[in-house]
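Trainee: Sequence:
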Amino acid sequence: MIPYDTFLFFFIIAVLLLPTIILGLNGKRARSYNMVITLVMLIIMFANNLVGIVSLILFTIWQLLLIKGYVFYRQQQNSTFLFCLCVIASILPLVCVKIFPILGLHDLFGFLGISYLTFKAVQMVMEIRDGLIKHDISTIDFLYFLLFFPTISSGPIDRWRRFKKDDAVTPSKEEYRTFLYEGINKIFQGFLYKFIIAYLIHHDLLVYLPTNPFVYIKPFIADLLYMYAYSMYLFFDFAGYSAFAIGVSYIMGIKTPENFNLPFLSRNIKDFWNRWHLSLSYWFRDYVYMRFVFWMTKKKWIKNRYTVSNLGYLLLFLIMGLWHGIALQYIVYGLYHACLMIGFDYFDRWNRKHKFWPKNKLTHVLSVFITFNIICFGFYIFSGQLFK
-18 MIPYDTFLFF FIIAVLLLPT IILGLNGKRA RSYNMVITLV MLIIMFANNL
32 VGIVSLILFT IWQLLLIKGY VFYRQQQNST FLFCLCVIAS ILPLVCVKIF
82 PILGLHDLFG FLGISYLTFK AVQMVMEIRD GLIKHDISTI DFLYFLLFFP
132 TISSGPIDRW RRFKKDDAVT PSKEEYRTFL YEGINKIFQG FLYKFIIAYL
182 IHHDLLVYLP TNPFVYIKPF IADLLYMYAY SMYLFFDFAG YSAFAIGVSY
232 IMGIKTPENF NLPFLSRNIK DFWNRWHLSL SYWFRDYVYM RFVFWMTKKK
282 WIKNRYTVSN LGYLLLFLIM GLWHGIALQY IVYGLYHACL MIGFDYFDRW
332 NRKHKFWPKN KLTHVLSVFI TFNIICFGFY IFSGQLFK
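Residue 249 in our numbering sits at position 268 of the sequence shown; the count goes up by one each step and never skips.
Be aware that one or more of the hints could be misleading.
[Stated by the list, open to error] Using 27 Å as the maximum straight-line C-alpha spacing, the simulated DSS-like pairs for lysine-lysine come out as follows:
| hint | residue 1 | residue 2 |
| --- | --- | --- |
| 1 | K281 | K369 |
| 2 | K146 | K115 |
| 3 | K145 | K9 |
| 4 | K115 | K279 |
| 5 | K251 | K340 |
| 6 | K154 | K236 |
| 7 | K79 | K369 |
| 8 | K251 | K236 |
| 9 | K145 | K236 |
| 10 | K49 | K236 |
| 11 | K49 | K79 |
| 12 | K236 | K115 |
| 13 | K146 | K49 |
| 14 | K236 | K146 |
| 15 | K336 | K9 |
| 16 | K336 | K251 |
| 17 | K199 | K9 |
| 18 | K49 | K145 |
| 19 | K154 | K9 |
Hints were generated in silico from the structure; no laboratory data involved.
Go ahead and model the full structure; you've got the sequences and the hints to work with.
Mentor: Below, the structure written as structure tokens:
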């Protein structure tokens, strides 16, 4: 069963969450029961996919042994080489899933949500290396964090320490009422976004674009309409899913972070990536871009910090593109955003000297308009329509 795809899925969740809600409204801890819910929902989601459930079990055991082993090692030594091996080992299952389809082995490994579970595991390895996770990790705590069912398939990507902090606290009756209220609001927002707005955009626009069998539309206009419609559909569909995941998490007492913050009102490309798919954007910023910049600065192989920053953007967005899939559209999409980030960074530094683009209401509106269009063109690349 695909998460948040049918009303049956929501009915099952509603029934299973009733004891959680009753316990929460009485100020009692529902952690153990929520773990049971997670196990039940995993069984339901993978019931018709034997390969998927076996892959999930093997993946989880692999990551558990890797992380517990690295915690034990890190308490005694701190080898950079071994750290790199652990990161590679943690990413390896995801790399196999991305490469296997090219080799014709798609059905041999992989399961729904492997990317997001990998991000969780890798960030734990990196935080163990940084000394932010110092003590041995409880197996139960790790499994609950990694397999937390509301976010398992498509995020948002939570962080271990943030999740653990929420998990360790039992909300008071008043606090849980707020959680419940916000959770229900989020779920209804998800219904509006995914099942109404996204559905209407797809059903009434996208299926007729860019080639309309009933009404002739000039190719350029048709592609332009498709670009904007696809961008809106992508946002409302994914933001709706994220709202469901966040809402269910809140009802379970976990304040899963937001994933979107009015991204189409961004003033520039940097502002956009601080608003769009926040958990993924911040993950790549913290664990790819910042680490690359720190490593290059420490090694002093390239002394110009702007060059290092630009190389970091290229690496970050190329990896992000390849993460979506090993296909031309995703690679070009990643490079497109890298060029936008590098170009804006250069313009921003130049503008500080020459004051060509002042900050006022008019330039703010123009900036939003320009950014909106370049973002939509990026999604047009992402859709693959450009290469057909």
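Trainee: Take the hints in turn and mark each one as holding or not.
Mentor: Cross-check of the supplied hints:
Between the alpha carbons of K281 and K369 the distance comes to roughly 44 Å, so the proposed pair goes past 27 Å and is violated. Restraint check: the Cα-Cα separation between K146 and K115 comes to about 15 Å, which is no more than 27 Å; the hinted pair holds. For a cut-off of 27 Å, the pair hint linking K145 to K9 stands: about 18 Å separates their Cα positions. Among the hinted pairs, K115 with K279 is consistent with the structure: their alpha-carbon atoms are about 24 Å apart, no more than 27 Å.
Only pairs whose Cα atoms come within 27 Å are accepted, and K251 paired with K340 is accepted, the gap being roughly 16 Å. Taking the CA atoms of K154 and K236, the gap is near 16 Å; set against the 27 Å cutoff, the hint holds. At most 27 Å may separate the alpha-carbon atoms for a hinted pair to count; K79 and K369 meet this at roughly 22 Å. A threshold of 27 Å between alpha carbons decides the hint, and for K251 with K236 the separation of about 26 Å falls inside it, so the pair holds.
For the hint linking K145 to K236, the alpha-carbon distance of about 11 Å falls within 27 Å, and the restraint holds. Note on K49 and K236: the hinted pairing holds, with a Cα-Cα distance of about 26 Å set against a maximum of 27 Å. Restraint check: the Cα-Cα separation between K49 and K79 comes to about 26 Å, which is no more than 27 Å; the hinted pair holds. Of the supplied pair hints, the one linking K236 and K115 holds, its CA atoms being roughly 24 Å apart against a limit of 27 Å.
As the CA atoms of K146 and K49 are separated by approximately 20 Å, the hinted pair is consistent with the 27 Å bound. Straight-line distance between C-alpha atoms of K236 and K146 comes to about 10 Å, which keeps the hinted pair within the 27 Å bound. Between K336 and K9, the direct Cα distance comes to roughly 58 Å. Violation of the 27 Å bound is thereby established for this hinted pair. Simply put, K336 and K251 have alpha-carbon atoms about 19 Å apart, close enough for the 27 Å limit, and the pair holds.
Between the alpha carbons of K199 and K9 the distance comes to roughly 62 Å, so the proposed pair goes past 27 Å and is violated. A C-alpha spacing of about 16 Å is found between K49 and K145, which places the hinted pair at or below 27 Å, so the restraint holds. As the CA atoms of K154 and K9 are separated by approximately 8 Å, the hinted pair is consistent with the 27 Å bound.
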